[in-house]
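Residues 329 to 712 (the numbering used here) are what the sequence shown spells out, left to right.
Hints are computed from structural coordinates only; laboratory data are not their basis. Incorrect hints may appear among the rest.
[Stated by the list, open to error] Label pairs and their in silico Cβ distance ranges:
| hint | residue 1 | residue 2 | range |
| --- | --- | --- | --- |
| 1 | Gly567 | Val542 | 41 to 49 Å |
| 2 | Leu566 | Gly541 | 27 to 35 Å |
| 3 | Ser581 | Val640 | 15 to 23 Å |
| 4 | Leu618 | Gly567 | 39 to 47 Å |
| 5 | Ile531 | Gln402 | 22 to 30 Å |
| 6 | Gln402 | Lys563 | 52 to 60 Å |
| 7 | Gly580 | Leu559 | 17 to 25 Å |
| 8 | Leu537 | Ala391 | 29 to 37 Å |
| 9 | Leu636 | Gly439 | 22 to 30 Å |
| 10 | Leu387 | Leu467 | 38 to 46 Å |
| 11 | Val640 | Val414 | 28 to 36 Å |
| 12 | Tyr369 | Gly583 | 41 to 49 Å |
| 13 | Phe570 | Leu407 | 19 to 27 Å |
| 14 | Gly583 | Leu537 | 31 to 39 Å |
[Said to hold, decoys possible] Using 20 Å as the maximum straight-line C-alpha spacing, the simulated EDC-like pairs for lysine to aspartate or glutamate come out as follows:
| hint | residue 1 | residue 2 |
| --- | --- | --- |
| 15 | Lys563 | Glu534 |
| 16 | Lys568 | Asp549 |
| 17 | Lys430 | Glu602 |
| 18 | Lys568 | Glu602 |
| 19 | Lys587 | Asp564 |
| 20 | Lys587 | Glu598 |
| 21 | Lys591 | Glu602 |
| 22 | Lys587 | Asp549 |
| 23 | Lys568 | Glu534 |
| 24 | Lys462 | Glu406 |
| 25 | Lys568 | Glu536 |
| 26 | Lys587 | Asp381 |
| 27 | Lys430 | Asp549 |
| 28 | Lys563 | Glu536 |
| 29 | Lys591 | Asp374 |
C-beta: ideal position from N, C-alpha, C; glycine also.
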Amino acid sequence: MATALSNPTLMHRLFRWVQGFDVPLAIAAVGLAGLGLLVMYSSGHDHGTRFVDHARNMLIALAVLLVVMHIPPQRWMELAVPVYVVGVCLLVAVALFGVARKGAQRWLDVGITIQPSEVLKIAVPLVLAWWFQKREGQLRAADFLVAFAMLSIPVGLIMHQPDLGTALLVLTAGMAVMYFAGLSWTLVLPPLILGGVGILLLIVWEPELCAQGVRWPVLYDYQQQRVCTLLDPWKDPLGKGFHIIQGMIAIGSGGVWGKGFMKGTQTHLEFIPERTTDFVFAAYAEEFGLLGVLVLVALYVSLVLRALAIAVDAPTMFARLLGGAIAVIIFCYAFVNLGMVSGILPVVGIPLPFLSYGGTAMVTLGVCLGILMSIARSRRLMPG
């Protein structure tokens, strides 16, 4: 009897490994991964080793997920400050001697090329959740100021690279933690109202603001061009507006049913730029049509709602804040990418979760899902 207990069978070990696995979250993730492999094969099978590499990245992300889900939330809380400090140090290293590509210095060569800003998408919610957990029951206005300072450092460093898209994602994740921790709506609404008014004024005065020679403060020239291109892509249909126009043509040409797997003309005649990365949704919509898009959106909605449900049921404030922030991160990834490819948001370098090619982003996604699994697992394995 003692021998049997000390030497569990393989099935018993596997059961203990997956005990607490959140099935609804896994179903949504597997569905998205399957669609990702389909569209990557169609759009990238003749693009070097993109499909094979994408499948490999998914397997790596799965391995990361399985490891991370066995790290309890309490341990993540202990790692929050070290991960944040390491992430900020990597951003400083990028600013000092990072690898520059296409006019942006966002990468670091450490034997392999990594993008440290991806680390901050996890590190910032981690450290802010840790901070508010420490202040639970005694929150003051000064605590939110400290949290905003911790958020501003990585956001400023990422904007300096420049990488406005990632900076906004990190800012949104951090602000989500602050809001879930109790930040008043009276402080949230004014910036939102100002932003809405600014967008309306930009649309109304677009001819004057986007005229030749006009330069906007704060934004880089290429960022200004992207906003102006969004407002009127037909000003330069073969240049700056080409991405948006071809993306919209591909999406519209898919119709209700789509052109069929491997039959996307815009995709395979190479009219869609970056068809395996930022604009992979255009290739997907062309081949699978409106019905395929509805399935894709339904899977994203299911994933985000399940993440929020896990956050609500989390046993500690730290886990609730972290889970909620991860749900917001996944939502922003999907919403921003779908929006920019559809022509309702400016083009930024934001990948579409599970579908876009990219190793660092895929591993980050694996970490996010692993943390959600860890939170769900900790709740289910609690005694009583």
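These are the hints, each one checked on the structure:
1. Distance hint check for glycine 567 and valine 542: the Cβ-Cβ separation is about 18 Å, which falls outside the suggested range of 41 to 49 Å.
2. Taken as a hint, the range 27 to 35 Å is violated for the pair leucine 566 and glycine 541, whose Cβ atoms sit roughly 22 Å apart.
3. Range check, serine 581 to valine 640: Cβ separation about 41 Å, and the 15 to 23 Å hint is violated.
4. Our hint of 39 to 47 Å for leucine 618 and glycine 567 is violated, since their Cβ atoms are close to 30 Å apart.
5. Checking the proposed 22 to 30 Å range against isoleucine 531 and glutamine 402 shows it is violated: the Cβ atoms sit about 49 Å from each other.
6. For glutamine 402 paired with lysine 563, a C-beta distance near 55 Å keeps the hint of 52 to 60 Å intact.
7. Range check, glycine 580 to leucine 559: Cβ separation about 19 Å, and the 17 to 25 Å hint holds.
8. Our hint of 29 to 37 Å for leucine 537 and alanine 391 is violated, since their Cβ atoms are close to 48 Å apart.
9. For the pair leucine 636 and glycine 439, the beta carbons lie near 38 Å from each other, so the given range of 22 to 30 Å is not met.
10. In this structure the supplied range 38 to 46 Å holds for leucine 387 paired with leucine 467, their Cβ-Cβ distance being about 42 Å.
11. Between valine 640 and valine 414, the C-beta spacing of about 30 Å keeps the proposed range 28 to 36 Å intact.
12. For the hinted restraint 41 to 49 Å between tyrosine 369 and glycine 583, the CB-CB distance of approximately 22 Å leaves it violated.
13. Taken as a hint, the range 19 to 27 Å is violated for the pair phenylalanine 570 and leucine 407, whose Cβ atoms sit roughly 44 Å apart.
14. In this structure the supplied range 31 to 39 Å holds for glycine 583 paired with leucine 537, their Cβ-Cβ distance being about 36 Å.
15. For the suggested pair lysine 563 and glutamate 534, the alpha carbons sit about 12 Å apart, so the restraint of at most 20 Å is met.
16. Distance restraint check for lysine 568 and aspartate 549: the Cα-Cα separation of roughly 13 Å lies within the 20 Å cut-off, and the hinted pair is therefore satisfied.
17. For the given pair, lysine 430 sits about 14 Å from glutamate 602 by alpha-carbon distance, which is consistent with the 20 Å threshold.
18. Between the alpha carbons of lysine 568 and glutamate 602 the distance comes to roughly 14 Å, so the proposed pair stays at or under 20 Å and holds.
19. For the hint linking lysine 587 to aspartate 564, the alpha-carbon distance of about 28 Å lies beyond 20 Å, and the restraint is violated.
20. With a C-alpha separation of about 16 Å, the suggested pairing of lysine 587 with glutamate 598 holds against the 20 Å cut-off.
21. Distance check on the hinted pair: lysine 591 and glutamate 602 sit about 18 Å apart at the alpha-carbon level, within 20 Å; holds.
22. A hinted pair counts as satisfied when its Cα atoms are at most 20 Å apart, and lysine 587 with aspartate 549 does not qualify at roughly 38 Å.
23. Distance hint between lysine 568 and glutamate 534 is fulfilled; the C-alpha atoms sit about 16 Å from each other, no more than 20 Å.
24. Among the hinted pairs, lysine 462 with glutamate 406 is consistent with the structure: their alpha-carbon atoms are about 12 Å apart, no more than 20 Å.
25. At roughly 18 Å between alpha-carbon atoms, lysine 568 and glutamate 536 fall within 20 Å of each other, so this suggested pair holds.
26. A hinted pair counts as satisfied when its Cα atoms are at most 20 Å apart, and lysine 587 with aspartate 381 does not qualify at roughly 26 Å.
27. Taking the CA atoms of lysine 430 and aspartate 549, the gap is about 14 Å. The hint holds against a cut of 20 Å.
28. Taking the CA atoms of lysine 563 and glutamate 536, the gap is about 14 Å. The hint holds against a cut of 20 Å.
29. At roughly 14 Å between alpha-carbon atoms, lysine 591 and aspartate 374 fall within 20 Å of each other, so this suggested pair holds.
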